[in-house]
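Engineer: Chains as they are written, first to last, in the working numbering: chain A, 1 to 325; chain B, 1 to 729.
Honestly, the hints are just simulated from the structure, not real lab data. These figures come from a predicted structure and were not determined experimentally. Keep in mind that a hint or two might mislead.
[Said to hold, decoys possible] Only part of the chain B face toward chain A is listed, based on derived beta-carbon distances under 10 Å: (1) 21; (2) 112; (3) 116; (4) 119; (5) 605; (6) 609; (7) 649; (8) 651; (9) 658; (10) 729.
We treat Cβ as the ideally placed atom computed from N, Cα and C, and that holds for glycine.
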Amino acid sequence: MINFDYLRTASVNATLDAIKREPRAAFIAGGTNLVDLMKRGVTSPPRLIDINNLPLKNIERTSSGISIGALATNSAVAINEMIRSDFPLLSQALHAGASPQLRNMATVGGNMLQRTRCTYFYDTTMPCNKRQAGSGCGALGGYNRMHAIFGASDKCIAVHPSDMCVALVALNATAVVRSNKGERRIPFGDFHRLPGDTPQTDNQLKAGELITAVEIPSNKFQQHSFYLKIRDRSSYAFALVSVAVALSIENNRISDARIAAGGVAHKPWRLLNVEKALTGQPASVETFQKAASIATQGAKGYGQNNFKLKLLPQAIIQALETASS
Amino acid sequence: MGNYFFETEGPIDRVDGKQKVTGQALYAGEYPLEKLCYGVLVGSSIARGNITAIATKEAENAAGVLAVITHLNRPAIPGYTGEGDSGPAGMKLMSSPAIYFAGQPVALVIADTFERAQHAASLVKVAYKTTESSTDLSTQLSKAAAPRRGKSEYSRGEKNAYKKAAVWIEEDYVIPHEVHNPMELGSITAVWNGDQLTVYDKTQGVKASQRSYAQLFGVPQDNVRVVAPFVGGGFGMALRTWPYEVAAVMGARKVGQPLKLMLSRSQMFTLVGYRPHTIQQVGIGATRDGILTGISHDATAATASYEEFTEGVVRMTQFMYSCANVDTRYRLVPLDVSVPTWMRGPGEATGAFALESALDELAYKLDMDALDLRKKNYAYTDPESGLPYSSKFLMDCYDQGAEKIGWYKRNRQPRSMKNGEWLEGYGMSSGVFGAHRPAATARAVLAADGSLLVQSAASDIGPGTGTAMVKIAADVLGLPYDKVRFELGDSRLPPAPTQGGSGTNSGVGAAVHDVCTAVKEKLILAMNEGKAGFSKQPQQEWLFEKGRIGNGAESISFSDLLKNMGQSAIDLTRDSKSGEERQKYAFYSFSVHFTRLWVHARTGVVRIKQIVTVADAGKIVSEKTARSQMVGGAIGGIGMALMEEAVFDHRFGRMVNNNFADYHIPVNADVPDIDTIFINKPDPYINPMGAKGMGEIALIGYAASVTNAIYHATGKRIRELPVTPDKLL
Ligand SMILES: Cc1cc2nc3c(=O)[nH]c(=O)nc-3n(C[C@H](O)[C@H](O)[C@H](O)COP(=O)(O)OP(=O)(O)OC[C@H]3O[C@@H](n4cnc5c(N)ncnc54)[C@H](O)[C@@H]3O)c2cc1C
Chain A
1 MINFDYLRTA
11 SVNATLDAIK
21 REPRAAFIAG
31 GTNLVDLMKR
41 GVTSPPRLID
51 INNLPLKNIE
61 RTSSGISIGA
71 LATNSAVAIN
81 EMIRSDFPLL
91 SQALHAGASP
101 QLRNMATVGG
111 NMLQRTRCTY
121 FYDTTMPCNK
131 RQAGSGCGAL
141 GGYNRMHAIF
151 GASDKCIAVH
161 PSDMCVALVA
171 LNATAVVRSN
181 KGERRIPFGD
191 FHRLPGDTPQ
201 TDNQLKAGEL
211 ITAVEIPSNK
221 FQQHSFYLKI
231 RDRSSYAFAL
241 VSVAVALSIE
251 NNRISDARIA
261 AGGVAHKPWR
271 LLNVEKALTG
281 QPASVETFQK
291 AASIATQGAK
301 GYGQNNFKLK
311 LLPQAIIQAL
321 ETASS
Chain B
1 MGNYFFETEG
11 PIDRVDGKQK
21 VTGQALYAGE
31 YPLEKLCYGV
41 LVGSSIARGN
51 ITAIATKEAE
61 NAAGVLAVIT
71 HLNRPAIPGY
81 TGEGDSGPAG
91 MKLMSSPAIY
101 FAGQPVALVI
111 ADTFERAQHA
121 ASLVKVAYKT
131 TESSTDLSTQ
141 LSKAAAPRRG
151 KSEYSRGEKN
161 AYKKAAVWIE
171 EDYVIPHEVH
181 NPMELGSITA
191 VWNGDQLTVY
201 DKTQGVKASQ
211 RSYAQLFGVP
221 QDNVRVVAPF
231 VGGGFGMALR
241 TWPYEVAAVM
251 GARKVGQPLK
261 LMLSRSQMFT
271 LVGYRPHTIQ
281 QVGIGATRDG
291 ILTGISHDAT
301 AATASYEEFT
311 EGVVRMTQFM
321 YSCANVDTRY
331 RLVPLDVSVP
341 TWMRGPGEAT
351 GAFALESALD
361 ELAYKLDMDA
371 LDLRKKNYAY
381 TDPESGLPYS
391 SKFLMDCYDQ
401 GAEKIGWYKR
411 NRQPRSMKNG
421 EWLEGYGMSS
431 GVFGAHRPAA
441 TARAVLAADG
451 SLLVQSAASD
461 IGPGTGTAMV
471 KIAADVLGLP
481 YDKVRFELGD
491 SRLPPAPTQG
501 GSGTNSGVGA
511 AVHDVCTAVK
521 EKLILAMNEG
531 KAGFSKQPQQ
541 EWLFEKGRIG
551 NGAESISFSD
561 LLKNMGQSAI
571 DLTRDSKSGE
581 ERQKYAFYSF
591 SVHFTRLWVH
601 ARTGVVRIKQ
611 IVTVADAGKI
621 VSEKTARSQM
631 VGGAIGGIGM
641 ALMEEAVFDH
651 RFGRMVNNNF
661 ADYHIPVNAD
671 VPDIDTIFIN
681 KPDPYINPMG
691 AKGMGEIALI
701 GYAASVTNAI
711 YHATGKRIRE
721 LPVTPDKLL
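Make a model of the complete structure from these sequences and hints.
Structural biologist: Okay, here's the thing in structure tokens:
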């Protein structure tokens, strides 16, 4: 049997000490991803540090916006009154993910660090550079219907599967992380990384670091936010493509626009060029179509996922129309 | 036709519903036995080749391990006779180093706990010599050949007559590899006691499993008892004995302890059959006013290299519509995959997608309503045999379904109906399946307290067999439902057929009817002999009501009558089977499916808005469970139409979406309200109840109603299932 220790910590400092003592340990929050990966033999940490007792569940207003504790569950965030009124995009994105049972367990920190759903990553008898460096990419030339069209490399074409993170990147959130050395703040757009030559590494988090919170600055997008998720069935499926849209519209002109896509890259993908094409323009179908037409600049299909090149612009137009109406 | 129509109470609730939802029902993998040990199968990671070495030491030495069995040390299985690696129960388990498909069991690990068995299984290291595998039907069509067994070709009239028609179409239709995956995993608990074997089994037929284990393990049939009172769904996967079950029985004998083996969800995708990938071509032609003049249907299906599987893919084309010229051909391509098996609506569900799509295409080409085209070519006698139908109310199905969904109110033009951003479409299709009556035996015991026990070795994989049998027995004898108990799922009970091909309700129901009628006759005889002591005989016949028999003025309870008869019980057994009516009539159940749906113009997302599904299944025995059957069929049909596809990475010959996160079936949000309509007219010939089967027709044809509706909504014809959003962009 592959045995592991289990340790439950009560404070952030005790947690940071614990991870320092056993750097190969894994934090366990909701466990909805980690336990699956352990069962499948993808990962086998010698120790689990259960962080569910840490006081990191609060959702609080701050002077500049809102702060969400890393252990707040996906359900708790999704139904929180402040989130629903001030950051409806985040609430919608969370509700579009997984199932109620999973959302009741899943946490903000765990959601950020969930690993790709690429089948080659999960099947330990298949090649996968992300799981085992140098073993090759199974999805390249294989089953890649769900895979990336932006920012992939010849080592890995997997996507980050989160819905929540797509909304957070659009909302310019910041991840707050702590280690023995102190606190670090990472802009959400920089948190996840592209695969390059080292697809084993999903993000910028360093060994020994704990996510403590996510902060979102206040915004004026309340009236015009929409999260559109296109999937193979009505619920409980990962995105083929998803689009998070947040607009600020004054006198029928778009004064500020945020747009990000999910299911298209190794990280939640901000579409800055589309945002630029929207800003200052009238909120009209023509504007949306024009802006969407440049969304796939630099995108590339790998065969089975070529349809995403067509689907993404369509989904963007649809999401913009819904958000603006 | 007996006294069946004397119905005592209203619709019956599922008799085992409470046990099932409260967890009291025990399934094959849930028997708490002393000294139970656990088996886990190790699957091949290659699709074709040979095992060159297999290292089991580490596994054998792991904590709790009782045995590791491979082809090198497998105990003999006496029933594995004949040459080759395939035998009467399919692939001969671990009989050689040869690998025929990815996932093929190469080792059985037995340990004292499930976790230890599973861990030890991960320690078995297998080295292979890999040969290039071939798992893609679409690239192997040139290898298509007639099946070794059964007919490959059929024709009446002229071949390819459709090509001479005034209006015709010819198209290809593709069904992917689809899996059953009922909720309950493939499970078995095997217990040897000397040469006595008890098997708690996930099976759709306890008697067939009993024969199979007796044959395989060389013991008399009476030494084997197969128990399966509850089965958590089947859809066909448990119609035969699979190698995993052989492994469990063999393993239990080897270690001399009760052994439980439960497949993992991913093993369910490769070790228990599936509906095979099938590529079909249909050519269909008609006169300008829509009289069919020719149908040609050519189907090529995948099968395993080590065992042939055939099903009636082209059958429906042969008998569904009136058409003088029909020819069909069915061929197979052996691939490096596991063997397929029957899956709900076997053959016909595949063929109906092609035929019912083609009719829709022809209707549009004729500028004719698709339903009118079907009515115009309605078969009033069976076109294949020339026999009259035992009963056929398909026309009523068409009319009632059309009325309910507002078929004739739609604008028939493609892409003509809109609802905001959504395109609306209506589609219809038909289904058909042979209505059978397999032979069955039932025993009835009317006890001193007036309660009735009925027994037969039937299975209930979910349709509500137990419920329907209680209903039949109660109706025949005028007993309250709670005074009747039906026992099934045990090979010690009087023999019943395997639950498949929509035959249980008809065959076992007839046996229950007959034995209860025999009990009733005994009671009538006693009444006629004056055992009740009543002063007068009834005007017409004795009234059976609420467990009492009377003449209108006075009545006596069954219990008192038994006492007066000086009997502690009436205990009868009756065999029941079909007769020469089978030669005189063509027996079929029919269905019609209507779907109204929306397609999102920009993103290709499909939302099914309304389903009306209509069945001519003869007399409906139990309304509620019958409705569930039809609803379940339609939901399975939604999956088939929009989601289900087992995907292979042909480079490795392996399935890559063998889990429920990646292989999609409908969730609640995908399912609209479903209207079910039963014509509910008894078939005068099929059995004493007049009830035809329903399990298959609930699904057969359904998928085409969706693709036809998608065409109506969008003007796009999708001929390859499933219709995922990318296909509609
Ligand atoms: C069937 C299924 C369907 C799903 N569908 C969707 C979907 O549609 N959309 C979607 O977005 N997601 C989906 N998910 C994924 C789900 O959102 C994630 O599993 C979940 O968010 C992970 O959170 P958790 O708290 O359970 O993480 P865990 O499993 O506990 O942890 C995941 C990882 O994060 C690390 N970790 C956790 N918290 C911290 C912290 N505070 N600091 C540092 N490291 C930490 C753990 O060590 C581990 O490596 C699905 C999951 C399943 C199983």
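Engineer: Give a verdict on every hint.
Structural biologist: Taking the hints in turn, this is what the structure says about them:
1. 21: violated (18 Å)
2. 112: Result: violated, 12 Å to nearest chain A Cβ.
3. 116: Hint holds; residue 116 (chain B) Cβ to chain A Cβ min 7 Å, cut 10 Å.
4. 119: holds (5 Å)
5. 605: holds (6 Å)
6. 609: Violated - the Cβ of residue 609 (chain B) stays beyond 10 Å from chain A, reaching only about 12 Å at its closest.
7. 649: holds (5 Å)
8. 651: holds (6 Å)
9. 658: holds (9 Å)
10. 729: holds (5 Å)
When the structure is compared with the earlier hints, violations turn up for hints 1, 2 and 6 and for no others.
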